[in-house]
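S.K.: Sequence:
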Amino acid sequence: MEHYDLCVIGGGPAGYAAAMRAIDLGMRTLLVERDRIGGTGIYNGALTSKTLWEISQRVAAVNEMVRPRGREPFRMTWEEVSRTLNEAVFERKYLYACHLQLLQNNGTDQFRHERGTARFIDPHRIRIERPGCTVDVTSARTIVATGSRPRTLPGVPVDERRIMTSDGIFALEDLPESLVIIGAGVIGCEFATILSNFGRTRVHLIDRAARILPFEDEDVSELVASNLERKGVIVHREVSLEHLEHLPDAVRFSLKGKDGKVVAHEAERALLSVGRVPNLEGLGLDLAGVQQDPATGRVVLEGTRTNVPHIHVVGDATGSNMLVNLGELAGRHAVEELGGLPLEAMETNGSSTIMFLDPEVAGVGVNEQQCRQ
0 MEHYDLCVIG GGPAGYAAAM RAIDLGMRTL LVERDRIGGT GIYNGALTSK TLWEISQRVA
60 AVNEMVRPRG REPFRMTWEE VSRTLNEAVF ERKYLYACHL QLLQNNGTDQ FRHERGTARF
120 IDPHRIRIER PGCTVDVTSA RTIVATGSRP RTLPGVPVDE RRIMTSDGIF ALEDLPESLV
180 IIGAGVIGCE FATILSNFGR TRVHLIDRAA RILPFEDEDV SELVASNLER KGVIVHREVS
240 LEHLEHLPDA VRFSLKGKDG KVVAHEAERA LLSVGRVPNL EGLGLDLAGV QQDPATGRVV
300 LEGTRTNVPH IHVVGDATGS NMLVNLGELA GRHAVEELGG LPLEAMETNG SSTIMFLDPE
360 VAGVGVNEQQ CRQ
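Residue numbers are given in numbering that gives the first Met the number 0: position 195 of the sequence shown equals residue 194, and the series is strictly consecutive.
In short, the hints are calculated from the structure, not lab data. Given the structure is predicted, the values throughout are model-derived calculations rather than measurements. Hints should not be assumed to be uniformly reliable.
[What the hints assert, rightly or not] Just the calculated beta-carbon pair ranges, DEER-fashion: (1) G231 x R129: 42 to 52 Å; (2) P358 x A294: 14 to 24 Å; (3) D135 x Q368: 17 to 27 Å.
[To be verified] In silico EDC-like cross-links for lysine to aspartate or glutamate, where the CA-CA straight-line distance does not exceed 16 Å: (4) K49 x D166; (5) K230 x D108; (6) K255 x E265; (7) K255 x E241; (8) K260 x E280; (9) K257 x E237; (10) K257 x E280.
Every residue gets a Cβ at the ideal spot worked out from N, C-alpha and C, and that includes glycine.
Whenever a hint applies, use it, and build me the whole structure from the sequences.
M.R.: If you want it as structure tokens, here you go:
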């Protein structure tokens, strides 16, 4: 049975950063990923959504210039947009592939990448399953970096074609004529910005709160909302989604306002944007003795460390601070702690954030609203 100094489960941004730092420190490292190296850092997440935002910004800029001159608006087909997205993904994917190949073929046995599904058998033994093959390994230390997936709602029939999450929207065959976005947090507002920039989609943005981006300062959220409405986005504030169903060529959604009145609407497609949940199922955390919060299912952590000292959890798998830069930081920090380096506690209150809206909203540290709280 192969033995490793460190096993990293999950090859997204946090897991990959952890594995690379472990190699720096001379640890014999195993990186296990069940799907594609890069995770949401490349696919259906940071790279794709930001590339899509950049394309949409350029389309909007051209149309702002030609509209006063009475010219026809510039339009891009979804095929053209997808081609640009695929080129960006391929470039990053190719870099990862080359890097992994160099690491595995450098004449040492320090690093190994396995594609498969990993789960704990006990605190130090990990089983890796792939089609037709099962391999058990032991590891002195383990980092769980399994990422997250879009949250769904009870009674909402997500099929990733008519009713989608942020994972499914990139598989569109064309820009819809109309779209309803359920949830006005960062992801919902970013996609409302992107689709309104292209100028081909009538967007409904639904939020239960009195204003979108409720965690931001009021003047910021009102400016973003005003700009979205100027571009034709219909913002439904202080409403609850009562019903969402498939029609043959559309979706029907019913909204209940503060007055109790329920109004039905239709759109070609729907995007569910109500947050993300950690991927922790099937990991065998109970067999490893890792404690989870019975109310939320999240792993109970002190920093990145679980109640089992040699097992750490980083990135989206923690269920908090779901940002690529913080995930990478946590991955490296966890390795250094496991390696016995003298460290201070990881500080995230001074971290930087950015939302790709109109205008972009960036910050460092806590905002005014958070300070007042």
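S.K.: Now, for every hint given, state plainly whether the structure supports it.
M.R.: Results of checking the hints against the structure:
At about 48 Å, the CB distance of G231 to R129 agrees with the hint of 42 to 52 Å. The given range of 14 to 24 Å is broken by P358 and A294, whose C-beta atoms sit roughly 38 Å from each other. Distance hint check: the CB atoms of D135 and Q368 are about 50 Å apart, inconsistent with the given range 17 to 27 Å. A threshold of 16 Å between alpha carbons decides the hint, and for K49 with D166 the separation of about 14 Å falls inside it, so the pair holds.
With a C-alpha separation of about 56 Å, the suggested pair K230 and D108 falls outside the 16 Å cut-off, and the hint is violated. Only pairs whose Cα atoms come within 16 Å are accepted, and K255 paired with E265 is accepted, the gap being roughly 15 Å. Our distance criterion of 16 Å between C-alpha atoms is met by K255 and E241, whose separation comes to about 6 Å. Proximity of K260 to E280 is assessed by CA-CA distance (about 39 Å); at most 16 Å being required, the pair is judged violated.
A C-alpha spacing of about 7 Å is found between K257 and E237, which places the hinted pair at or below 16 Å, so the restraint holds. Between K257 and E280 the alpha-carbon distance is near 37 Å, which puts this suggested pair outside the 16 Å criterion.
When held up to the earlier numbered hints, the structure conflicts with 2, 3, 5, 8 and 10 and fits the remainder.
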